[in-house]
Amino acid sequence: MRRSSFTADFLFHYVPAFLSIAGTTTLLHLLRNTLDTPLIALLYLLPVGASASIWGLGAGIIAALAAFLTFNYFFIPPFFTLIVHSPSDLVVLFVFLIVAVVISQLVGRARAGQAIAIEKARLTEIESRAKVLEESDRLKSALLSSVSHELRTPLATIKAAATSLRSGEVGWDSVARRELLEAVEEEADHLNLLVGNLLNMSRIEANALKPERQWNLLSEIVAAVIARLHHPVEDHRILVAIQEDLPLVPVDFLQMEQVFTNLITNSFKYAQAGTTIRISAQTEGEAEVRVRVENQSPPVPEQDLERIFDKFHRVTAADRITGTGLGLSICKGIIEAHRGRIWAENLSDGFAFNFVLPLSLDGKFAPKLPFESET
Amino acid sequence: MTTAPHILVIDDEPQILRALKAILGEKSFKVTTAVSGHEGLTLAAANPPDIVILDLGLPDMDGFEVCGRLREWTQCPIIVLSVRESERDKVAALDKGADDYLVKPFGIEELLARVRVALRHAGRASGAKATKITAGPIAIDLAWHVVTRHGAEVKLTATEYKLLAYLAANAGRVLTHQAILTHVWDPADADHVEYLRVYMRQLRKKLETDPEQPQFIITEPGVGYRFLAD
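Chains as they are written, first to last, in my numbering: chain W, 1140 to 1514; chain F, 2 to 231.
Keep in mind that the hints were calculated from the coordinates and are not lab data. No incorrect hints appear here.
Taking lysine-lysine and the DSS-like style, the derived pairs with C-alpha atoms no more than 30 angstroms apart in a straight line are:
| # | chain 1 | residue 1 | chain 2 | residue 2 |
| --- | --- | --- | --- | --- |
| 1 | F | K97 | F | K22 |
| 2 | F | K133 | F | K156 |
| 3 | F | K207 | W | K1507 |
| 4 | F | K105 | F | K22 |
| 5 | W | K1298 | F | K28 |
| 6 | W | K1507 | F | K206 |
| 7 | W | K1507 | F | K163 |
| 8 | W | K1450 | F | K105 |
| 9 | F | K207 | F | K163 |
| 10 | W | K1408 | W | K1298 |
| 11 | W | K1349 | F | K97 |
| 12 | W | K1270 | W | K1349 |
Bear in mind that the values here come from a model prediction, so they are computed numbers and not experimental data.
Just chain W, same shape as in the assembly (with noise of 0.2 angstroms):
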C-alpha cells in the first residue's frame, strides 16, 4: 500500500512539479540574454509557487530543489557547472532556495487546510443530512402512532353502533337509534377529512403541493366549506363577514377549502360548545386580503402560538381532544404555496388565526367585467 501510494506520489506529483521546472528552464535558457540573473531567480519562483498549490508540499520541495540545482547550473557562472566564483551570486542562490522552500511550504499548507475544510463541510454535510432522516424518521412513527390512534377511534365507534344496531336490541323508532346513525355518519366524514389531511400532508412532504390558482370568490369558497360541514348548529354559530366589494382572489378552490375547513373544525373542538366562529375576511392595502378565523376558545400560551402550526403539536394533551395535529401545518404549508402568510393570536376574548394572500397572480390584478344592464 505504501508503496503503491509513494509510486502514485512520485508519477502525478513529483514528476509534473518537476517537468515545470524544466520546462521553465528552456525557456529562460532561451530568453537568457535579455534577462538579468535577480529576474531569473524571480521567474523560477513561480513554477515552485505553482507546484506546490497544485501538487502539494512535496512537489513543491522538489520543485524548489530542482529550480536551485538548474539555476545554477545554467545561469550562474560559470555556466553548466554548479560552481560558484562571485560571493554576491552565492547569496541570490541561497536567498532563493531559501524563498522558494518557504514559499512552496506556505502554498502546500494552504492547500492541505482547504482540503481539510472541503471535508469537514462534507461530513458536516453527512451529519445533517443523517439528522434530517432522523427527523423524518421520528416524524414518521410519530404520524403513524398518531394516525392510528386517530383511525381507530372513529372506527370503534362506528364498529359499536353498526354491531348494536344489527342486534336488534334498539328499536327501530328510538332515540338511540337515530343517535347510533347519526354517529355513523360523523364519524364516517370525520375519517373522509382525516385521509383528505394525511393525502395533502405527503404532498406537502414531497413538495407536490402545487396549488391551481385562479380567480375564485373567497365568500364562495367559505360557503362551500360550511354547506360540506354537517356540524350540528347548535353547537357553534358561524358568522360570516366577508367585504361585500372584495376582489377575486387568486386561490386553488379545493386546497382552500382544505384550509377552511381545518380552521373552522380546529375551532369547533376547542372552542366551547355555544360560541360563535367568525370568518372575516378585507383588502389589506392594495395587493393583499386578510382572512381571519376567530373563535372564543381559551387563549394559547404565547410560546406556543408559532409550534401550533409544527407537525403533531398539539398545545392540549392528546387524550382529550382528537385530531392528529395535521390540520394547522397544511394549512401553513397551502397558504404558504400560495405566497402568502399565516400566524395565530390571542384576543380579549379568545382566540384568532390570521392570514395574508396575494390578491395578484404572476403580477396581475383580478380582471375587471364589462358591465351590463338588466333588461
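Fit chain F to the known structure of chain W by using the hints.
Okay, now just chain F, sitting in the frame of chain W:
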C-alpha cells in the same frame, strides 16, 4: 315506467358492489354488477342498461375511456364515482360524455337523487322539454324568458338570463365550468372561470334567500355548478 329501471354498476370494490346492490335492489331497481371496465362494457352490450354507475378507478382501463366507449353506441346516463382528490378525472369523464358524478364517500340520498335526475333527463331527451321550472320561490319560464321570485319579476342582464336558463334546463345535473363557459359565453372563453364566479354571485344575490348559503345554485368544488329545482 312498466319495468324496473336496469342499473349497471361497474366498480372493482366488492363491498361497494354489495352495498349498492342491496340498497338499489331495495328501491326496486334491477341491478347488474361488473368488477372491471371490460366486463362492464361486455355486460352493457349484452343487456343494455337504463343507467350506468361507473367507478373511475378501475384496474384494467381508465374510467373516462369506458365512458367514451359506451358513448360510441348508447346515450344512457352515466354517473361516475370518484374520490375528492381527482377533480381532473371527474371533469375528463364529464367531458367524455358522463352525465354526473358522485364523490366517494357519498350518502345514499345523493346517489338516489342523481339516479332520479339522470332517468328524468334521459326520458325527456326523446320527448318534449319542460319550459317552466320552479325551485322554491323561483320560477323560470324558458319560453317567455321571464324569471320571478315569490311572484315578482326579477330583472336579469342578458348574460345572467342565458346562464340561469342553461342551468335550469339542466336542473339537477352538474355542469362543468367549461361546458357553461362554452355554452353561455364562447368556446374561446372556456378558461375564464372568473366570469362564472362573478355572474354566479350576481345571480345568487338576485335569487337566493341567503346568497352566502345558496339553496338552488350549488357550487361543485373544482368541477362546476348545479341548479337544484323542485
